[in-house]
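Visitor: Okay, here's what each chain looks like letter by letter:
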Amino acid sequence: AQSVTQPDIHITVSEGASLELRCNYSYGATPYLFWYVQSPGQGLQLLLKYFSGDTLVQGIKGFEAEFKRSQSSFNLRKPSVHWSDAAEYFCAVGAAGGTSYGKLTFGQGTILTVHP
Amino acid sequence: DTGVSQDPRHKITKRGQNVTFRCDPISEHNRLYWYRQTLGQGPEFLTYFQNEAQLEKSRLLSDRFSAERPKGSFSTLEIQRTEQGDSAMYLCASSLKGTYTFGSGTRLTVV
Numbered sequence: 001a002q003s004v005t006q007p008d009i010h011i012t013v014s015e016g017a018s019l020e021l022r023c024n025y026s027y028g029a030t031p032y033l034f035w036y037v038q039s040p041g042q043g044l045q046l047l048l049k050y051f052s053g054d055t056l057v058q059g060i061k062g063f064e065a066e067f068k069r070s071q072s073s074f075n076l077r078k079p080s081v082h083w084s085d086a087a088e089y090f091c092a093v094g095a096a097g098g099t100s101y102g103k104l105t106f107g108q109g110t111i112l113t114v115h116p
Numbered sequence: 001d002t003g004v005s006q007d008p009r010h011k012i013t014k015r016g017q018n019v020t021f022r023c024d025p026i027s028e029h030n031r032l033y034w035y036r037q038t039l040g041q042g043p044e045f046l047t048y049f050q051n052e053a054q055l056e057k058s059r060l061l062s063d064r065f066s067a068e069r070p071k072g073s074f075s076t077l078e079i080q081r082t083e084q085g086d087s088a089m090y091l092c093a094s095s096l097k098g099t100y101t102f103g104s105g106t107r108l109t110v111v
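Chains as they are written, first to last, in the working numbering: chain A, 1 to 116; chain B, 1 to 111.
Just chain B, with the same shape it has in the complex (with noise of 0.2 Å):
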């Protein structure tokens, strides 16, 4: 185990696309979280996990923002109808009694 892996890595998409995002956390790591960074700013938290169940999602996170952790494994992020505000680096963490590991980030461009 290497650590927290997002997949992709850099997405551009058109404006109104949906676009969705993977985290796999380091696999004995029971809480996940996703953030959110844009340029010349600190990661802002979204949303998180424990195991399954998703305990806190954070007013950034929209309507059209939806995230799932099925069977408390790896996450999902999907972002429906993408508005260029949303462009950013999306960073998945995954912790284990205040132990956090981030992954490298998925850059989402959207034009």
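Just chain A, same shape as in the assembly (with noise of 0.2 Å):
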């Protein structure tokens, strides 16, 4: 069974520094990786994917992602934080082939609080 794991419940940076979000997963093959954030009562936005190729993986408003076999990890990193960044951020893999194909599991969610 796939899952996920974002170890970090909730974090807070100022306005202009980096950020590094956490994401481990497990699942017996190659996975289909997603970052999506989450405003307070809003849907999900997609920020990045990772289907297979480059393991950079960029993504809109200045988002990248690293996808690393070894470590089973995609953590999502932005350079230069902005105050409009602050929402839930969630990390989610998708099963890349089977009778699951297409269904997502999620991780927790990490709360990305921004100070100015």
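Calculated from the structure, these hints are not laboratory results. You may find that some hints are simply not true.
Computed from the model, here is a short list of chain B residues facing chain A with C-beta under 10 Å [as the list claims (entries may be wrong)]: (1) Gly3; (2) Arg31; (3) Gln37; (4) Phe45; (5) Gln50; (6) Gln54; (7) Glu56; (8) Ser58; (9) Leu60; (10) Ala93; (11) Ser95; (12) Arg107; (13) Thr109.
Ideal placement from N, C-alpha and C gives every residue a C-beta, glycine not left out.
Assemble the dimeric complex from its two separately framed chains, guided by the hints.
Guide: Below, the structure written as structure tokens:
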């Protein structure tokens, strides 16, 4: 069974500081990996995704993530955080094949607070 | 086509009542998913459809839950005899070839 762990429940950074949100996954084969952002009371917006190829993935809003197979990780990074980045961030793993193809398993989320 | 639409956005119901939510996916997307998200948690998979066929149901989907997707277009999720534990955000998503789009969700409060 696939699973996702986001070790940090809450992270606080100052505006302009760099950011790294951690994500570790468990999956028996090559996974599809995603990062979503959710503002309070809203749905999920896709930041970036990894299917195959280059392990450094660029996304929207200046975010990037690196897939490291040896560490089963897919950490999200941003070099300089803006106050508008304050939200909850979810890492997700998806089955790349089989009967559960397309089903996403999410981590518990990391709440990002940005101080001015 | 502006994305995945969910209706209603909010629903307050009394315990024991039935509720139905609707999801309109992106028209060319062949897969449709329902997820449930409780406070402080990530979304949890409930069920999904490929066109009109319901291909998988989570054990979270008790007998009180039923989902349909007639003609492979919109989908409905019905909860019968609601319980307080059903209070959550119900998210719908559609996908085509791995590209997922989520709706804004329906927030259910059972009082």
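Visitor: Please flag the earlier hints that this structure goes against, numbers listed from lowest up.
Guide: 6, 9 and 13
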